[in-house]
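Chemist: Each chain, letter by letter, is given below.
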Amino acid sequence: MKDEVQTREDRVANLKGMGCSRKRVEDARFTQGKGNYVDDVKLPGMLHGDFVRSPYGHARIKSIDTSAALALDGVVAVLTAEDLAPLNLHWMPTLAGDKQMVLADGKVLFQGQEVAFVVARDRYVAADAVELVEVDYEDLPVIVNPHESLQSDVVLREDLAGQTSGAHGPRKHHNHIFTWEVGDKEGTEQVMENADVVVEQSMYYHRTHPCPLETCGSVASMDKVNGKLTVYGTFQAPHVVRTVASLLSGIEEHNIRVISPDIGGGFGNKVGVYPGYVCSIVASIVTGKPVKWVEDRMENLMSTAFARDYHMTGKISATKDGKITGLDCHVIADHGAFDACADPTKFPAGFMNICTGSYDIPVAHLAVDGVYTNKAPGGVSYRCSFRVTEAVYLIERMIEVLAIELNMDAAELRRINFIKKEQFPYTSALGWEYDSGDYHTAWDKALEAVDYKGLRAEQAERVAAFKRGETRSLMGIGLTFFTEIVGAGPVKNCDILGMGMFDSCEIRIHPTGSAIARLGTISQGQGHATTFAQILASEIGLPADSITIEEGDTDTAPYGLGTYGSRSTPVAGAATAMAGRKIRAKAQMIAAYLLEVHDDDVEFDVDRFVVKGAPERFKTMKDIAYAAYNQAIPGIEPGLEAVSYYDPPNMTYPFGAYICVMDIDVDTGVPDIRKFYALDDCGTRINPMIIEGQIHGGLTEALAVSLGQEIAYDDMGNVKTGTLMDFFLPTAWEVPNYETDHTVTPSPHHPIGAKGVGESPHVGGVPCFSNAVQDAFRPFGNRHTNMPHDHWRIWKTANDLGLHG
Amino acid sequence: MIPAPFDYHRPDSLEGVMSLIREHGDEARVMAGGHSLIPMMKLRMAEVPHLIDLQAIDSLRGIRIDGDKITLGAMVTQHELIDHAELATKAPILREAALQIADPQVRYMGTVGGNVANGDPGNDMPGLMQCLDAQFTLHGPEGTRTVAARDFYEAAYMTARTDEEVLTEVTFAATGGGYAYEKQKRKIGDYATAAAAVLISKSGGQVSAASVAMTNLSDVPVFSQGAADALVGTDCGDAAVDAAVAAALAEIDPTEDNRGPVAFKRHVAGIIIARTIRGAFNRA
Amino acid sequence: MSNKMHIQLNVNGEAHEFLAEPRELLIYALRERLNITGPHVGCDTSHCGACTVTLDGKSVKACTMFVAQANGAEITTIEGIGSPDALHVLQESFREHHGLQCGFCTPGMITRAVKLLEENPTPTEEEVRFGMAGNICRCTGYQNIVKSILAAANEMNAQPSSSEAVGHNKVEAAE
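Protein chains in written order, with the working numbering: chain G, 1 to 805; chain S, 806 to 1089; chain A, 1090 to 1264.
No wet-lab data here; the hints were simulated from the structure.
Built from N, CA and C at the ideal position, the CB exists for glycine as well.
It cannot be assumed that every hint is accurate.
[As the list claims (entries may be wrong)] Here are the simulated lysine-lysine pairs, DSSO-like style, with alpha carbons at most 30 angstroms apart:
1) 1093(A) with 675(G)
2) 992(S) with 675(G)
3) 675(G) with 874(S)
4) 1147(A) with 895(S)
5) 1093(A) with 42(G)
6) 874(S) with 720(G)
7) 874(S) with 1147(A)
8) 323(G) with 1147(A)
9) 1093(A) with 990(S)
10) 1093(A) with 992(S)
11) 1236(A) with 23(G)
12) 1147(A) with 289(G)
13) 320(G) with 1093(A)
14) 990(S) with 796(G)
[As the list claims (entries may be wrong)] If you want the footprint, here are the derived chain A segments under chain G, 3+ residues with CB under 8 angstroms:
15) 1095-1107
16) 1110-1116
17) 1156-1162
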């Protein structure tokens, strides 16, 4: 047989399993323009929906006159809150236990809020009709600052008037949402009182937006004959959308089919449920025709899913030789007009309590106050696990500030405070059990790779030259060591709207030895069709090229909680491996039967079961698949299928060491990234090519957030950054080449040891770029300046430090 | 983003344009590449019931170089400016500036005429044309007239061109000596935080002639005779550059926007102007 | 309501005629009338380049062009660049070097890159970055896109084909 001349290495290579840089199977369609995104969906008789939106940040709606719009030829319907109220759909529950207006009910609370939904023959008529809807507004005082909001007499959420308690406990003020507190408050205070050194720093992590290149949209189609509702949409969690749609509409879940087709990037933007989705569904039910809604870029930036907007204060204490003794953090969290943050139910501030970072901090305390303002709702995790970016930014800035206070090298300060390898599994002061880590090894590797000592010497020379008037350029060395917490999560503490955050995989092996596997997740560019097939190939011994991966159709895929928070590999990846192992277990019995030996006398070897001690006697998985369907085997039912629902025992904790070198033009505020080194440890590496791609992309999003990308409001509540002219998305010209590196510390509890990687570069990248900017000014007395470090803010830092003479 | 309906016209001669303007008056608007107008129409911030597309008018095309005289048809694109070998020798500052406008796709469509006639303070060509002391030819119902670039701009989006006129070409003399166009912007595709165009001729190590103009630092492009005067007759040393910068800054009036507040812009303007002057001098 | 116009477009070698309002944007005419859905709408304001097509030899953003303006034009979209049996070198190269992730920018990106390499068959990395600056990608960080284009250029130059144009339009970066 041909098989026999193959070496074991050949057989491993043929599988294209875990660890190899398999080329992506998705690419054939994308490179030929044959992707199928929501806006590509075209159904017979399809109508187009478009929103009338509020130009005001806060206003009472005195009247809405839709008559002129309805009179326009081609307009089929104009929905307002009044039309939705009888269906009880004018408000909807949010993921955070609050409720949100689907269409403005009596008032508007942020600029861009949905006021009326026009349904028309085509997008042109719809747009014309939007202009014809007359809304009479009476403007109300606008509050865009959460600190002011907590002092203000103005009641933003009149619907909550008198409610002194919300989904997450007591409310202290009519614009207050919740207080979330973790850790040992008294213990931390005590440590601070007795500490050698205590340093406090406030910082604002500005509001930004995930801004995937494809905006949000949906096509809803109510088939009144069969009673079936089909919804295509940009959903990062299609199964959750089906459940929510069922709960809201009263349509039984089996009669709803939700399809996430190809998704043009998500980064958190497509986790939430938006009024547009609801309105397209209602409009389809009302009109009996398919209705498409796709937001434009301005609508996207103004109304769906902001991220961050955390006003943070950190207080850190240490011994005089730099051993950290305690951390106290307080956050004023601006949640906008409705609390629609996408976090697990029990975590209204996400996993902000990972803010002790990579450091062995004996005692800590965190309190987060959520506040309403006249800004868009959202609060998604933009390319990070729930609020982890904020947490890592806080601790990595606090470390820098402490280093300044102690007059220590910040790399050394990190080193002496790292959790040690032998301390894992490590329980942090704020309650997380870090599964694994080897921080010292990673840090030393990183520092050596960039010649850290040499860089510091160069920087010192530069400062001297600057002081001598020989240069106007400063050099910053940005350091970051981050620990992520991803893979939500254990059902015991993580759910969304009551739905436990497990995930799933269902495998069918076909008789000829190929397979299809379906998962509860949905790729938005991460390459699931490629990498999950690799996991399976290694687990079941069939080539990845013979395995189709499908996601996103709730009629066919097993229930799962979707893709965000880097949970696909940690949770669905684990489910895939576990389902694969079930296949293998059955295959072992079949192989033993075929080989006429006891089950225990065969063992798995790459792509086959061999008789122990007699490697020439074997059955390949292909042989076994055929037999599974076509041979009567006593005691074994036909077929070869498996399903696994995986509830992870813990999160995973990827980590990394990043170093950025930046030159800064003091006079113009223009930064120039000279070098960026990124070492990531995501445990077992499934596809190095894809990992690298994820890191390049995450770092670039971090660069954007750190150096200019923001959703800014003026005092009137107007969005100042509503187009890509002002909302900073870097082009190829502004982005450097990155150097990537890795260590491998497998997760001890994950079936294949993988931890997830897509978000690490963003989480670690933002503080690294920011620290580089701030480090450049450290020799001149800078302690902290807020992001985004755009030209003028960098210039201002220099100016405030007196560097402009 | 969908614009309001309009009627579209594509005349193949200037006379055709004139008769459409006569017929539709205020309701008509000419369009070159459309990259300023179309976004405004899509946002429904500009209503144009009759859109007159100039693309079919051959007489508005082409770069003509006649000895030292350079004529750019209004419909010459930034891409054509960049791609024109002789122009790169005769007036290299055009290529240098055009490369800093928008992005490759937009430069295929964006035209000289649209860029200078629109009156958008963010456009780069107006300041450049003032630096070159270009003349704009306007064709209107009364015939043809010429207006100097330095006299053309009145306020943001307000120029010496009347609604009935079409800017047909831009002429200027070939440049000798040194040149530079420097622009600080936040990213590709952005307008300038501050930009400057400078031409310098040198004789015996000294500045014999200079021209300094600026972009997006006022509601109109700013030509600074004072800055030029401060340079002429000097060796372009620090004192002369400082004097020129001071003269230039005296004439700007930047406004706060997302790029930053006025103090920042004034400071950066000073830096950019100085660098542009030194860059031009070093090439002279 | 404005009058509809008779529009003729030649797209990917195929002639199309239809009536359309002049205000119809070229991108929607392609996507919705002709079912050519490779080019996408990303930003609506000519910043992102997801809608890039080649029109009469120019790379243009089809979101910022009325169908009336394009009347009579020759247009090439990603669908006209290669076929499943004969992919363009750039299509192969983007796959080989992981120059795409979600795929939404990819049609515009490759369409632009084809034109870039036509005009400058031997670009430097800097020239690729500058020449691709009208196309935004949110996923890749560009590093592998640049790699894909440089590799494709190498491969195309190594092929003994009819490529006559030799770098007449090399563009040095302008900053």
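Chemist: Is the Cα-Cα distance between residue 1093(A) and residue 675(G) 30 angstroms or less?
Modeler: Not satisfied, since the Cα-Cα distance of roughly 55 angstroms exceeds 30 angstroms.
Chemist: Is residue 992(S) close enough to residue 675(G), meaning Cα to Cα at most 30 angstroms?
Modeler: With a Cα-Cα distance of about 19 angstroms, the restraint between residue 992(S) and residue 675(G) holds, given a limit of 30 angstroms.
Chemist: Is the Cα-Cα distance between residue 323(G) and residue 1147(A) 30 angstroms or less?
Modeler: violated, 62 angstroms
Chemist: For residue 874(S) and residue 1147(A), compute the direct alpha-carbon distance and say whether it is at most 30 angstroms.
Modeler: holds, 28 angstroms
Chemist: Take a quick look at whether residue 1236(A) and residue 23(G) sit within 30 angstroms of each other, Cα to Cα.
Modeler: Roughly 15 angstroms separates the two Cα atoms, so the pair holds.
Chemist: Regarding the pair residue 990(S) and residue 796(G), is the alpha-carbon distance no greater than 30 angstroms?
Modeler: holds, 16 angstroms
Chemist: Can you tell me if the stretch 1156-1162 of chain A counts as covered by chain G, using C-beta to C-beta distances under 8 angstroms and a minimum of three residues?
Modeler: It is violated: at least three residues are needed, and the stretch 1156-1162 of chain A offers just 0 whose Cβ sits closer than 8 angstroms to chain G.
Chemist: Can the restraint linking residue 1093(A) and residue 990(S) be considered satisfied, given a maximum Cα separation of 30 angstroms?
Modeler: Not OK: residue 1093(A) and residue 990(S) at ~41 angstroms, beyond 30 angstroms, violated.
Chemist: Between residue 874(S) and residue 720(G), does the CA-CA distance stay at or below 30 angstroms?
Modeler: With a Cα-Cα distance of about 44 angstroms, the restraint between residue 874(S) and residue 720(G) is violated, given a limit of 30 angstroms.
Chemist: Verify this for me: three or more residues of the stretch 1110-1116 of chain A with a beta carbon less than 8 angstroms from a beta carbon of chain G.
Modeler: With 3 residues close enough to chain G, the hint holds.
Chemist: Between residue 675(G) and residue 874(S), does the CA-CA distance stay at or below 30 angstroms?
Modeler: Roughly 47 angstroms between the alpha carbons, so the hint for residue 675(G) and residue 874(S) is violated.
Chemist: Checking one constraint from the list: CA of residue 1093(A) to CA of residue 42(G), max 30 angstroms. Satisfied?
Modeler: With Cα atoms ~23 angstroms apart, residue 1093(A) and residue 42(G) stay inside 30 angstroms; holds.
Consistency with the previously given hints fails for numbers 1, 3, 6, 8, 9, 10, 12, 13, 15, 17, ordered from lowest to highest.
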